[in-house]
Every structure is written in C-alpha cells, then in structure tokens.
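Assemble the complex: chain F is given as a structure, and chain V must be docked to it using the hints.
Each chain, written out:
There are 2 protein chains.
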Amino acid sequence: MNETQYSGLTIAEAQEKLLALQGRISAYQHAVELLMYDGMTTAPKGTAANRAHSLGILTEEIYKLSTGKDTVDLLEYLDEKIKGAPDEADPKLKRMVYLMLKDIRQMQKIPMDEYVAYQELLVQADDIWHKAKEQSDFPMFLPVLEKVFETVKRFAGYCAPEKDPYDYWLNEYETGLNKKILDEFFGTLKSRLVPLIKEITAAKQVDDSFLKGDFPDYKQEKLAYFLMDKIGLDRDHVGFATTEHPFTISLGSHLDERITTNYKPHTFVSSMFSVIHEGGHALYDTGSADDLAFTVLDCGVSMGIHESQSRFYENIIGRSRGFTAAILPKVKELFPETMKDVDEERFYKAVNKVEPSLIRTESDEVTYCLHVMIRYEIEKMVLSGQLEVKDIPVEWNRLYKEYLGVDVPDDRHGVLQDSHWSGGNIGYFPSYALGNAYGAQFLKKMKETVDVDACVASGNLAAVNDWNREHIWQYGSLYEPNELLERVLGEKFDPGVYMDYLEEKYRDIYGI
Amino acid sequence: MNETQYSGLTIAEAQEKLLALQGRISAYQHAVELLMYDGMTTAPKGTAANRAHSLGILTEEIYKLSTGKDTVDLLEYLDEKIKGAPDEADPKLKRMVYLMLKDIRQMQKIPMDEYVAYQELLVQADDIWHKAKEQSDFPMFLPVLEKVFETVKRFAGYCAPEKDPYDYWLNEYETGLNKKILDEFFGTLKSRLVPLIKEITAAKQVDDSFLKGDFPDYKQEKLAYFLMDKIGLDRDHVGFATTEHPFTISLGSHLDERITTNYKPHTFVSSMFSVIHEGGHALYDTGSADDLAFTVLDCGVSMGIHESQSRFYENIIGRSRGFTAAILPKVKELFPETMKDVDEERFYKAVNKVEPSLIRTESDEVTYCLHVMIRYEIEKMVLSGQLEVKDIPVEWNRLYKEYLGVDVPDDRHGVLQDSHWSGGNIGYFPSYALGNAYGAQFLKKMKETVDVDACVASGNLAAVNDWNREHIWQYGSLYEPNELLERVLGEKFDPGVYMDYLEEKYRDIYGI
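Just so you know, the protein sequences line up as chains F and V, in that order. Counted the way this note's numbering counts, the first sequence spans residues 1 to 512. Counted the way this note's numbering counts, the second sequence spans residues 1 to 512.
Excised from the complex, chain F in its bound form (with noise of 0.2 Å):
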C-alpha cells in the first residue's frame, strides 16, 4: 500500500471519511437533479441554456469528487484493508468501496478525449433523434446512430477487452446478465406468448370502449392523487407534477421522491397506469433504509429490479380483478359520463384488452415482452457484425411482422420511437423484460405468507408493500440482483413462472 493522507486511519475512521465524502456527492447529485427535474416540469421554456452553464460546472465536480485523486487513495485504502480482514468488514461499506471503485476503474480504461467526444455524441444524437423522429426520416439519424453503436462498442473493448462487446453491456445494465441468459429467457417467452397471442387474437375481443371519452385535466389530476395515496405513497415524501414523459426521480436521497405523469385527453388510463407505475419506482426508492441516504447504496440496484418493481404495481396489482375493482367507485364518480354502468368485471377485462400494436410504451403486458424481444434481437445482430445499422428499419419491421403481425407503416411508428439508441443505451431494453418476470416470480413467492388477492382486493396494500419492503426495498443497492433475487426467491430466476401467471389471467380473461 503506497503512503497517502490516509495511511494509518483505523477502518472506522476511513468510514465515516467515505461517508462525508459520499454526503457531499449526493449534495451535488440532489442540485444536478433538482436543475433537471426544474427543466422537465416549471421552468420557463427559454432557460435552457442559463441550466446547462450551472448543470456543466456541478457534474464536473462531481466526476472530480468521485474520481479524483482523494478518493481513490481512500477507496483503495478502504479495500486493502477490507481484503485484509473481509469478515469483520461491515458489508454494507463493503459493497459501497466495491461500487465506488468499480466506476472509477472503468472510468480510467476510457481515454478522456474519447469519453468526453461521445458525451457531445450524445447530445447531438438526443437533438437529431427528436428531429428525425418528428420527420419519421431514418435516413437523417442513421449517421449518428451509426456512430453510437461504434462508440459502444470501442468502449466494450477497453473496458472489457475478454468479453463480447454486448454481453458486456448487458452486465453493465443488470449485473450477472448475458447472452446465453436472455436467449433461454425469450426463447421460453416466445415459444408460449407467440401461440398464447394467437389464440387470443382468435377469440372474441373485449370492450374497452368506455375508456374514451374527454376527460379533463383537473379530474385526472385527482385521480392521481387517489391512486398514489390508494398504492400506499407517502404524500409527505413523494411530489407529483406533469412533464411530457412519465418518469420518476429521487432528489438528493431517497427521502424525497417525485413522479409526473403526462394525460391524454381522450383516456384517463393512459394517467392511470403511468402514476402507478411511476408510483412502483417511487415505493421502491422510497422504501430504502433510512441509514442508507447519501450514499451510494441508497437507490435501485438495477434497472431489471427496478421495473419489476413498477410494473408489479402497474400490472400484477394495478390490473388485477381486485384492485381494479376497488377502484372502481372513484373512477365512476370522476368520469360517469362513460363509467356509469360499467361494472367491475367489464372494467377490469377492458383495462386489460390485449391488442398486437406498433408502439412498446402503450402495449398491453401480453405483448410488452415481445416489443422488447425484437429490440434485444436487433442490438444483438449489431453489435456482433450480423447486421450492419443502415439495415435496421428493415429487420425492424419484418420483426414486428413475424412476431407482432403488424405492418409498420413508417419509422415514427417504427425504429425511432425509443429515445434509448439516442442515448446510448444499448442493452438496457432487457431489463424491462425482466422486470416483468421478476415480479411474477415475486408475487408466487409473497403469495406463500401473504394473502394478495385480498389484501388487493381490500383497497389497502399495507400487507403487500410491508413484504415487497422488507425482502426488497430496504437494501437499496447493497445485493446484487442475481444475488437479491435469490436470497428473496430462495431459488433461481425462472421465466416459466411469468409465463405461468400471464397464460393463467389471460385465458380467463379471454374464456380461452
């Protein structure tokens, strides 16, 4: 161990260092967040660049206080000394060291000239996506797209010169995830969803007719309200707003949580499931253990835990027989103009209408997966040479064909409806995927201590939240989430229990 400022510090001593120091990042984060967060929701149209000049600065000393000098010697003091003595380690500082230093080692495999060249990549790709997309003219994103990809997959090569470039990515996303992985996964999905999607198609198709209709903004607006108090949101805690996209964002820790949801005039469950969904991810960050904030184990451990836990809400609860019902007064008295006579069973059956469609975002969950399945099959093709970018829209749309049945009509409805490629995020679709399955297998699980149907059908989560807190939430980052799946699973990952739950609801629902 070299001589610096720490040699000779005790391990507690060294701890509470790294706690100041990571105290003082999330200062920083909460400002970077809170300026992004001012961008998408109040800030007058014409600010931009005023955030952008602050937003510069602030991220900079954050990439300085997390990687300088400083906190390398007392991230590699820290692991020396674990390493030294690993069972008297307290973990969670272990896993905290092991975080920190595992950004900053593949920070320092990239050349900076090179990282911060894709930065402005990224900028510019975000601009001409938007463009592109509004014009639906691939043509004009194809040579920064292109460009992406390459990027992506150079910096697979320095970070990880042994791996193929996309199971790096992969990993990077949802720890432990590959190839080998994801093709066993859909495989299982697609060998029962194809023909599952098939008979459905055939069979007699419910109404949801009474889910249009003009609702104004002020009563989804309380709809919103009631459903976050109704998932079990802690007002006090957890801030709401409107943007264009629904998303969701812990500001500084997880102490304070905001989503916004975006409506659509001529539907009010457009809202509706965004809120819950949003509301998923915030129940989730929020539920972190108090000891946790500022540091960095206080958030999501991946985006694959992450959405199992939005779209547990958003689906297995939100559209179940029970809570669907449960809500049900409240919706009639907020939109009787369409809801008047609609009974529990009619809502519930509409609200989960499945229907081949050309847009993942507004897909039912019958269909979600296979939306994603084309993108992981698309990226895959890239990033190992099979398919060269120019070609995309093609393989695009005769995907969306052979597994969907749809035609494509142009690339708006097509290749450039995700922001991801534009923003570099290649091999992150997956994990919405996954989400959907983890959270199947969670409710098989929750359901061996926890009676769900009528805790759900109660109108009051308490039971279910109280589990999804104590097996999920509180750990925040601290396990892995192969490692949280099965320490909270007790076996392995199994995508035939998500198969099982979809095939079951679905054939009811259908009389099939």
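Don't take every hint at face value.
DEER-style ranges, computed between Cβ atoms [what the hints assert, rightly or not]:
#1 Q386/F to Y225/V: 53 to 61 Å
#2 A49/V to T175/F: 29 to 37 Å
#3 E13/V to D113/F: 23 to 31 Å
#4 D103/V to D113/F: 49 to 57 Å
#5 E337/F to I512/V: 58 to 66 Å
Pairs of lysine-lysine residues, derived as DSS-like cross-links and limited to a Cα-Cα distance of at most 30 Å, are as follows [said to hold, decoys possible]:
#6 K147/V to K102/V
#7 K219/F to K330/V
#8 K340/V to K330/F
#9 K147/V to K17/F
#10 K94/F to K445/F
#11 K219/F to K505/V
#12 K219/F to K92/V
#13 K17/F to K204/F
#14 K147/V to K219/V
#15 K212/F to K492/V
#16 K64/F to K212/F
#17 K180/F to K212/F
#18 K64/F to K17/V
#19 K264/F to K64/V
#20 K222/F to K264/V
#21 K45/F to K264/V
#22 K153/V to K163/V
#23 K64/F to K505/V
#24 K64/F to K69/V
#25 K102/V to K69/F
#26 K94/F to K264/F
#27 K212/V to K401/V
#28 K222/V to K219/F
#29 K212/V to K340/V
#30 K219/F to K264/V
#31 K222/F to K64/V
#32 K505/V to K212/V
#33 K330/V to K212/V
#34 K69/V to K204/V
#35 K17/F to K69/V
#36 K45/V to K222/F
#37 K153/V to K264/F
#38 K45/F to K330/V
#39 K380/V to K222/V
#40 K353/V to K447/V
Hints in this document: simulated from the structure, not taken from any laboratory. As the structure is a prediction and not an experimental result, all values here were calculated from the model. Ideal placement from N, C-alpha and C gives every residue a C-beta, glycine not left out.
Relative to the frame of chain F, chain V by itself:
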C-alpha cells in the same frame, strides 16, 4: 505584493480567472436558489431535512469559493494591478473586485464562531417568530429578539468601530445611506403626509365594494398571466408559481427569473398587485445586460433601487388612471359578477382607496411610508440604547396611534407582523420607503423624454420599459445606488418629488 500563483499574470489573464471563478460561484448559487425555490413551491412537505443536508454542503462550498485563500490572492492581485493603472482598468472589473473584496473583508472582521452562532440564532429566531406570531405572543419572541439586536450591534462594532451601529447597517442595505439622510427624508414625508392623510380621511370615501366577491384561483391565474404579458415580462425567461408569500428570485443568472403570487379568494386585487410588484422586480433583474450573467454584477444594486422598480410598476404604473383603464376589459371579462357595471373612473379610484390600517404589506400608497417610518424610529432607538427591546410593543402601538390613528389590538397585528427582525434584517425597512421616492423621481425624469401617460394608456409599456432598461436595468450592480441616481436624474435625490406626486394624485382622487 506577496508572491502567489497569480503573480506575473497580465490583467486580462487574471480577469479571465476571476470571471471563471464567478461563473463557478453562480452555478452553486443557482443550486442553492433552486433548492429554496423548490422548498417554497412544489416540494413535498416532509422533505425539508433532506434539502437542509444539501443546502448546508453547497452553501459551505460557496463560502469557501468566495472567501478562500486562492480567491483572496486573485482579488488582491487584481486590486493592486487596478490601483497601479486605475484609468486603464475596465470599470466592470474594478467593480467586481471591489464588491468581492468588500464582502471578504467584512467576513474577516467577524470571528468565525460568532458568525456561525449568529446563523444558528437566526434559524431559531425564524422558528420562534412564526410560533409567536401565530399565538400573538411577544414575550415568547423577546429573548431571541434581544439576542438578534445585540448581535447586530456587536457585528457593526467589529466591521466599522468608528461608525454609529445603525448608520453602519443602513449603509449596508443602501450604500451612502445614514440616519441624517433618513431623518431629513422621513421629516419631509411626515410633514406633508400627515396633513394629506387627515384631509383624505375627512373627505368622502371612495367605493371599492365591487373588488370583493368570490374569485376562483384559476381565474386569478389567468389575470396573473395577462398582467405578466401586459407589463412586458418575457415569459420565456420568467416563470410563475404560487406560494404563501409572493417573492421574486433569480435562478443562476438574470436569464431565469421566477415570480410568485398568492390568491386571496375574496379579492382579486391582492394577487393582481403582487404580480405587478414582483413583475417589477423581475423586469429589473431580467433587464440586466447579458454580459453581466454569471458575475456578481448580475443583480439589482440595492434593495432601495429594487423596490423603486417593483413599486414603480405596482403603484405609479399599475395604479395609474391609464393602466387601470387599459386592463379593465380583461378584469370585467374574468370577474363579471362584481365588475360588469364598473366604469374606468370607479375602478381607478377603488384600487387607490386610502385607509389607515395595521398591516404594512396591505397598506395603500399614501400611508405605506408611515408604516416604514415607525419601524425606522424603533430600530434607531433600540440601536442607540434609547429603547429596550422589551419595550418595543408599547412604542410600536403608540406610534401607530400617533402616525396612523389606529389602535393595535394585539402583537400579531402589531410588532410581530413582519419577518425582517427575526431574519436579522435591521436597517432594511427604510429601503421600501426610499424605493417609493426614487420611483417618483424616475417618473419625473422619464416624462422629459417619454409620453408616459399615453404609453400606459395604450396598454403597451415598451417605451417605459425601454427607458428603465437603458437608464437602470442594464447596469445591474455596476453603480452604487447614489451614483446611479445621479447618473439617471442628473440631480440629487429629492423626496419632495415623491410628495408632489402623491399630493397631486390623491387630491384629484379625493377631490380635496
């Protein structure tokens, strides 16, 4: 000059470093201001502790950046360079160095432990004041208020032992100000205001019954946006929200300004004039020259000048015959229930109704300065030792009877009404009265080149705003208040002009 890292830099190089430093500080200020704004507007109510954590860390960082050794070295180096060739130095640079060094030298005179203790005292004082006001309990507030007055006096002794303590603080809030000037100023006002109020009180009162009714928030919000546009605010750079008390804040620079208002359900004029008042502050801030952004010059120079702008728009413009006539159609459209039969003259007179009352913030243009004068007399007596803090309420009530002829029923409607003393802002009140008087003198000057009445009556304030921008706004803090006044007016400050304005306007309204 001592050797530092800056020795040998050209003045241009050092100036560039100073600009970068100010840009850095402004990013931190942006974060701190936005955190406070969020707390006062949309943050969930249980999140104050989370915000305090980040505010503490970021505020400390601003302190270090503003007063650290590197900063002092840079400023002193520039100061020497400027003194070596005073005529060659850029006036903006000179002023930045002067203002930044002034703050540092003041901070250096106050022992750090006493400064920290005072900050803690103010947090406590604010909390106790809120409770004491609610319960109308001055004795509850007394011990902490005594400490605030004692500390303020002690700090004046540290910073300017040669000066009278009240003169020191008056000069801090408005450079160049002292008791001698204010005694003269208030003497003039009092000698003409008291008889004027007597005549008005004896005259036939104007009818303002139609200003009362039931006015829903969403309609008052429409009026607020209408007024923002009407007075010429650029809504691409000026945001709007509702809060308990109206205020104006710049976020990061003059490029992102926010104003707030508060709706009273039974009168629309309260929010109406709050919007115009805060809008006046925002016009001043956003009118700053763009090259002042991210420097210490990018803000109004003093409270007095700031209030001159806010009260100019609120009263001189907003309560003028021309402006009230110009907005009346919109007011009738929004509030036909009480306003449909009201003509221009009745509306004009109603919003200018004079009535001696208890609360400063709700008082009319004529009696307003008397409220301020009472606070001035009390602060002066306490700081000179002529009045003990415990005896303030008796003196307060006596002065309200003497100046305004009203009986103070309890401390809540008396000495506990304002937050300023609990915030340590002793010497701040006079700027409100000065602002009124500055505004009248600006109006007189403006009328030499602008047909103000025609401009206001046309409902388009462009010519008025252009004059203010050219003569006042663009300079930010470049000139001291008295320097700015003389540049704008070409003559000394003369409170008689303000009295002429009031007498002319109110003799006409009351037919006296």
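Evaluated hints:
1. Q386/F to Y225/V: 53 to 61 Å: 56 Å, holds
2. A49/V to T175/F: 29 to 37 Å: 32 Å, holds
3. E13/V to D113/F: 23 to 31 Å: Taking Cβ atoms as reference, E13/V and D113/F lie about 25 Å apart, which means the hint holds.
4. D103/V to D113/F: 49 to 57 Å: 39 Å, violated
5. E337/F to I512/V: 58 to 66 Å: For I512/V against E337/F, whose Cβ atoms are near 60 Å apart, the range 58 to 66 Å holds.
6. K147/V to K102/V: 26 Å, holds
7. K219/F to K330/V: 27 Å, holds
8. K340/V to K330/F: 39 Å, violated
9. K147/V to K17/F: Status violated; Cα separation ~36 Å.
10. K94/F to K445/F: With a Cα-Cα distance of about 29 Å, the restraint between K94/F and K445/F holds, given a limit of 30 Å.
11. K219/F to K505/V: Measuring from Cα to Cα gives roughly 48 Å; hence the hint is violated.
12. K219/F to K92/V: It is violated: about 53 Å lies between the C-alpha atoms, which goes past 30 Å.
13. K17/F to K204/F: 64 Å, violated
14. K147/V to K219/V: The given pair, whose Cα atoms are some 45 Å apart, is violated under the 30 Å limit.
15. K212/F to K492/V: With a Cα-Cα distance of about 69 Å, the restraint between K212/F and K492/V is violated, given a limit of 30 Å.
16. K64/F to K212/F: 52 Å, violated
17. K180/F to K212/F: Cα-Cα ~43 Å, so violated.
18. K64/F to K17/V: 19 Å, holds
19. K264/F to K64/V: 48 Å, violated
20. K222/F to K264/V: The given pair, whose Cα atoms are some 23 Å apart, holds under the 30 Å limit.
21. K45/F to K264/V: At roughly 28 Å apart (the allowed maximum being 30 Å), K264/V and K45/F satisfy the hint.
22. K153/V to K163/V: 11 Å, holds
23. K64/F to K505/V: The hint is violated at about 61 Å.
24. K64/F to K69/V: Judged against 30 Å, a Cα distance of about 20 Å means the pair holds.
25. K102/V to K69/F: Roughly 35 Å between the alpha carbons, so the hint for K102/V and K69/F is violated.
26. K94/F to K264/F: 46 Å, violated
27. K212/V to K401/V: 28 Å, holds
28. K222/V to K219/F: Within the cut-off at roughly 20 Å; holds.
29. K212/V to K340/V: Satisfied, since the Cα-Cα distance of roughly 13 Å is no more than 30 Å.
30. K219/F to K264/V: 23 Å, holds
31. K222/F to K64/V: Violated. K222/F to K64/V sits at ~46 Å, over the 30 Å cutoff.
32. K505/V to K212/V: 24 Å, holds
33. K330/V to K212/V: 17 Å, holds
34. K69/V to K204/V: 66 Å, violated
35. K17/F to K69/V: Satisfied, since the Cα-Cα distance of roughly 24 Å is no more than 30 Å.
36. K45/V to K222/F: Since the Cα atoms of K45/V and K222/F sit roughly 19 Å apart, the hinted pair holds (cutoff 30 Å).
37. K153/V to K264/F: Between K153/V and K264/F the Cα gap is close to 60 Å, so the pair fails against 30 Å, i.e. violated.
38. K45/F to K330/V: Between K45/F and K330/V the Cα gap is close to 26 Å, so the pair holds against 30 Å.
39. K380/V to K222/V: Violated: K380/V and K222/V sit about 44 Å apart, past 30 Å.
40. K353/V to K447/V: At roughly 25 Å apart (the allowed maximum being 30 Å), K447/V and K353/V satisfy the hint.
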